[in-house]
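Chain order of the listed sequences is A and B.
With this note's numbering applied, the first sequence closes on residue 587, and no number is skipped along the way.
With this note's numbering applied, the second sequence closes on residue 431, and no number is skipped along the way.
Misleading hints may appear alongside valid ones.
[Stated by the list, open to error] Coverage of chain B stretches by chain A, computed from C-beta distances (three or more under 8 angstroms per stretch; other residues unrestricted):
id: 1; segment: 17-24
id: 2; segment: 117-123
id: 3; segment: 256-268
id: 4; segment: 304-310
FYI, nobody ran anything at the bench for these hints, they're computed from the structure.
Glycine included, each C-beta is placed from N, C-alpha and C at the ideal position.
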Amino acid sequence: MMSSRENGVQMADKKIGHITAINGNMIEVAFEDSVIQNEVGYVLINDERLKSEVIKITNNTAFMQVYEITKGLKVGDKVEFTGELLSVKLGPGILSQVYDGLQNPLPALAEAHGFFLPRGVVLDPIDTKKKWHFTPTAKVGDTVYKGSPLGAVPEGIFQHKIMVPFDLEGEYTVVSVAKEGDYDLVETIGVIKDTKGEEIKVTMTFDWPVKIPITAYNEKKIPTEPMVTKIRIVDTFFPICKGGTYCIPGPFGAGKTVLQQLTSRYADVDIVIIAACGERAGEVVETLREFPELIDPKTGRSLMERTIIICNTSSMPVAAREASVYTATTLGEYYRQMGLDVLILADSTSRWAQAMRELSGRLEEIPGEEAFPAYLESRIAEFYERAGYVELPDGSHGSLTIGGTVSPAGGNFEEPVTQATLKVVGAFHGLSRARSDARKYPAIDPIESWTKYKGIIPIEQVREAHKVLRRGNEVHQMMMVVGEEGTSVNDFVFYLKGEYLDSVYLQQDGFDPEDAVSNPERQQYMFKKIHTILYTEFAFDTKPEARHFFNELRQMTLDWNYIKMGTDEFAAQEKKINTHIQSKTKA
Amino acid sequence: MKKVYNKILSIVGNVISVNAPGVSNEELAEVKTRRGTSLAKVIKIDKDLVSLQVFAGSRGISTDDEVRFLGSPMKVSFSDNMLGRIFNGSGNPRDNGPALNENLIEIAGPSVNPSKRIIPNRMIRTNIPMIDVFNSLVVSQKLPIFSVSGEPYNELLARIAMQAEVDMIILGGIGLKFDEYMYFRDELEKGGALSRSIFFMHTASDPVVEGLMVPDLCLAVAEQFALKGKDVLVLLTDMTNFADAMKEIAITMEQVPSNRGYPGDLYSQLASRYEKAVDFEGAGSVTILAATTMPGDDVTHPVPDNTGYITEGQFYLRNGRIEPFGSLSRLKQQVNKDTRDDHRAIMDGMIQLYAQYLETEEKRSMGFRMSDWDTKLLKYGGLFEKQMMDLSVNVSLEDALDSGWNILSECFNPDETGFRSNLIEKYWPKS
Numbered sequence: 001m002m003s004s005r006e007n008g009v010q011m012a013d014k015k016i017g018h019i020t021a022i023n024g025n026m027i028e029v030a031f032e033d034s035v036i037q038n039e040v041g042y043v044l045i046n047d048e049r050l051k052s053e054v055i056k057i058t059n060n061t062a063f064m065q066v067y068e069i070t071k072g073l074k075v076g077d078k079v080e081f082t083g084e085l086l087s088v089k090l091g092p093g094i095l096s097q098v099y100d101g102l103q104n105p106l107p108a109l110a111e112a113h114g115f116f117l118p119r120g121v122v123l124d125p126i127d128t129k130k131k132w133h134f135t136p137t138a139k140v141g142d143t144v145y146k147g148s149p150l151g152a153v154p155e156g157i158f159q160h161k162i163m164v165p166f167d168l169e170g171e172y173t174v175v176s177v178a179k180e181g182d183y184d185l186v187e188t189i190g191v192i193k194d195t196k197g198e199e200i201k202v203t204m205t206f207d208w209p210v211k212i213p214i215t216a217y218n219e220k221k222i223p224t225e226p227m228v229t230k231i232r233i234v235d236t237f238f239p240i241c242k243g244g245t246y247c248i249p250g251p252f253g254a255g256k257t258v259l260q261q262l263t264s265r266y267a268d269v270d271i272v273i274i275a276a277c278g279e280r281a282g283e284v285v286e287t288l289r290e291f292p293e294l295i296d297p298k299t300g301r302s303l304m305e306r307t308i309i310i311c312n313t314s315s316m317p318v319a320a321r322e323a324s325v326y327t328a329t330t331l332g333e334y335y336r337q338m339g340l341d342v343l344i345l346a347d348s349t350s351r352w353a354q355a356m357r358e359l360s361g362r363l364e365e366i367p368g369e370e371a372f373p374a375y376l377e378s379r380i381a382e383f384y385e386r387a388g389y390v391e392l393p394d395g396s397h398g399s400l401t402i403g404g405t406v407s408p409a410g411g412n413f414e415e416p417v418t419q420a421t422l423k424v425v426g427a428f429h430g431l432s433r434a435r436s437d438a439r440k441y442p443a444i445d446p447i448e449s450w451t452k453y454k455g456i457i458p459i460e461q462v463r464e465a466h467k468v469l470r471r472g473n474e475v476h477q478m479m480m481v482v483g484e485e486g487t488s489v490n491d492f493v494f495y496l497k498g499e500y501l502d503s504v505y506l507q508q509d510g511f512d513p514e515d516a517v518s519n520p521e522r523q524q525y526m527f528k529k530i531h532t533i534l535y536t537e538f539a540f541d542t543k544p545e546a547r548h549f550f551n552e553l554r555q556m557t558l559d560w561n562y563i564k565m566g567t568d569e570f571a572a573q574e575k576k577i578n579t580h581i582q583s584k585t586k587a
Numbered sequence: 001m002k003k004v005y006n007k008i009l010s011i012v013g014n015v016i017s018v019n020a021p022g023v024s025n026e027e028l029a030e031v032k033t034r035r036g037t038s039l040a041k042v043i044k045i046d047k048d049l050v051s052l053q054v055f056a057g058s059r060g061i062s063t064d065d066e067v068r069f070l071g072s073p074m075k076v077s078f079s080d081n082m083l084g085r086i087f088n089g090s091g092n093p094r095d096n097g098p099a100l101n102e103n104l105i106e107i108a109g110p111s112v113n114p115s116k117r118i119i120p121n122r123m124i125r126t127n128i129p130m131i132d133v134f135n136s137l138v139v140s141q142k143l144p145i146f147s148v149s150g151e152p153y154n155e156l157l158a159r160i161a162m163q164a165e166v167d168m169i170i171l172g173g174i175g176l177k178f179d180e181y182m183y184f185r186d187e188l189e190k191g192g193a194l195s196r197s198i199f200f201m202h203t204a205s206d207p208v209v210e211g212l213m214v215p216d217l218c219l220a221v222a223e224q225f226a227l228k229g230k231d232v233l234v235l236l237t238d239m240t241n242f243a244d245a246m247k248e249i250a251i252t253m254e255q256v257p258s259n260r261g262y263p264g265d266l267y268s269q270l271a272s273r274y275e276k277a278v279d280f281e282g283a284g285s286v287t288i289l290a291a292t293t294m295p296g297d298d299v300t301h302p303v304p305d306n307t308g309y310i311t312e313g314q315f316y317l318r319n320g321r322i323e324p325f326g327s328l329s330r331l332k333q334q335v336n337k338d339t340r341d342d343h344r345a346i347m348d349g350m351i352q353l354y355a356q357y358l359e360t361e362e363k364r365s366m367g368f369r370m371s372d373w374d375t376k377l378l379k380y381g382g383l384f385e386k387q388m389m390d391l392s393v394n395v396s397l398e399d400a401l402d403s404g405w406n407i408l409s410e411c412f413n414p415d416e417t418g419f420r421s422n423l424i425e426k427y428w429p430k431s
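Using the sequences provided together with the hints, build the complete structure.
Given below as structure tokens:
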């Protein structure tokens, strides 16, 4: 017997409930027979359908959060339950899209409804009529499991695998696969049957509930391969690995978003998903307008082709903000299943946590610290745990890396969201107000930050460089009390070495085309040179002499940073630096 | 059909509740008391029990007073007739003009689709050097003025209102002192800007809750004018009062407070107002400048802190001057590349020298001996404060840049300033 997966839902009559109470974006709904925790319902008001989600059930009342403004709702208004959890649509056509937190395509909404976001309008997340060129890879009679590819379609620069839906548990046999050719998303491209002989039609698209991780892989492995961002302080000192997690907390104006934007451009991954969660719309606009014009140096194609933007800015409904983070993660996990390296940049997880707090308050739950709900930590942990480096059934690997910014109240890292995040991430890039005020870019604090991952530079050398930095910092602190006079020449040189490392290596000139992007070969080469300098013993008689020497050295090295590697000029400048160093090296 | 009820079940703070079936969320009602009629808004519905926030406050409300539901959420009239008029926090006339009832629009409407926004690229000139030169204001920017009580932030707003190159000004006062309100009116009248202004004024003597509507009223009207192609500047003062009014209602409604008593949704509430700032492609724009007083001069207080995360920079107003440090216009780089080729150099160079001056000033006050360089810096700092930072300075951007070069040449040799040689050749005053 044939059964279509889509028809299964429609067979049952739609269950209906009625609103009994309204409090902000939360409604209470009386229902007759049964509802499912976290199922989606639609409030029917005039011809609008307001998406909502069941978040608590007591007696015969379902508490639902509404993903839209609740203005105008009345007690007695109808709510239609769907029996489905909050889901996203997966399939070819997601790349280069701009979605809101519920996977509504924003450009299509703008085309249909103009300047403003209409309430209660749901559009197809992916164009179901578009034809894709399908090439089968599975053969009739093959044994397949959830996540096994039946074929692939080209999506931009990638081979988008058409896989057996992830909710089909167990073993299946391929009954038929479509021939190579152009198909749209609703056409059947394969039929598989389970062990009992029931046949299931497979199309190029299926739904997946956002709050449930996709686990159609063999195993999760420890992330070991560095994810190069081309930002020196990150790659050398506080590296991130593919499949790892990291967070960027910082006060406002310290450059969190700028750092995220640069990472989204230069990070060495296949796909970048930007989750603009509760932040300014203006920041998304820059990405939106500039990415289509920027060329990805790796592929020679527009950056937008490898980017997905999930955009639920601060003035858009709060409940959808909570969902947007999960939407982004699910899309990321989907592409990871194809053996791709995916990076999610969530800006900002504090806004997401605040959305949880608002909801928790309306549910009248007992509040934890700063009124955040008691389950804040576990939710944050769950989210970051969806990252990972996985081995897929065919033996290939895919990764999902998550980087989240945190906006701590008052810039104080002692608050609950920062603390809960630090417990679960693999790297911490703390931004400091002092560094950003001093216009030191990137403002990642080299003393406070840490990482658990290995990078592109041998760890011992990094530690040694870090030691100089710490020692230099200590001397600097001391000098603020006793003055330069009370410091020995030896200590003073430590301070100068620390300052030198900071200004020529940790800082990067974002406006210079060469210096803004530092590839791994260059970092390794340069770091070696600088490491040598840090551990060279110099012969200085006086402090002014030492300062003069390092000022000159700094200027030479900065100039070196601006020169393209491998050119004659580059070699000449290096020679100049070497001569300068030798002039004062202790015999 | 209008529903009328005259049994008020509870009166707590400025929130009343009545048993009223069939009322919709955020619907407006009129409460008739012996003292007059006040508007009220539905903020919570539990079965038939409806909670309303009464704009005029609950003082003097009797349990048998009449509550009449109007069947629609808060609306405001929108027309050219509003220009030059003054309204209160409920949208009723505060001057002696007629009430406006035509062409009603809903307030707090949907937010703008991010994909319809454009990258802001037009500068608003204010003729205040600390803004134009160092932190340019850009069309569609949202920017707070962080200050403390007693600082002339309202004077600054009034000056910007009169001098900014915009089509019209909408001024929203929240908890404003009566004399500040009069000051605004008189200044704008004197400057001839009244005829292109609209006031929504809630003064400190008005009921606190009435101030809650002011930002929404201002921004709804501004948005409509912007859609008609006008560049609108919205001035809000003081947003801390707005946040405090929200706090009051939240506490009355027994919401769990998050930080210093403010409700957990403070960020979202502020953001939904500030995000109304927009540049419409093919139409006009809304720019928002908002005074935010920092209680105890503490920038980590929840109101300035949340504001800072929402807005595109901030101006610090301290000791009657816009502070060069901390003040930031995040959008300035979108516009200051096209003004004059020395703009960015002057912007960075003069601030760096001023920072050195402050260090020297510190050394001087500690009694250290002053070197030649220190003396030069001291002279520079004095001139910079007088000719650039002083709020009374009123010159165009180009004149301000020229004046910058003059200050530099009066104090330093060209090679001491660290400016690029080609700029020095072009702009250094020849004696």
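Now the hints, each set against the structure:
{"no.": "1", "hint": "17-24", "result": "holds (count 4)"}
{"no.": "2", "hint": "117-123", "result": "holds (count 4)"}
{"no.": "3", "hint": "256-268", "result": "holds (count 9)"}
{"no.": "4", "hint": "304-310", "result": "holds (count 5)"}
In terms of the numbered hints stated before, the structure departs from none.
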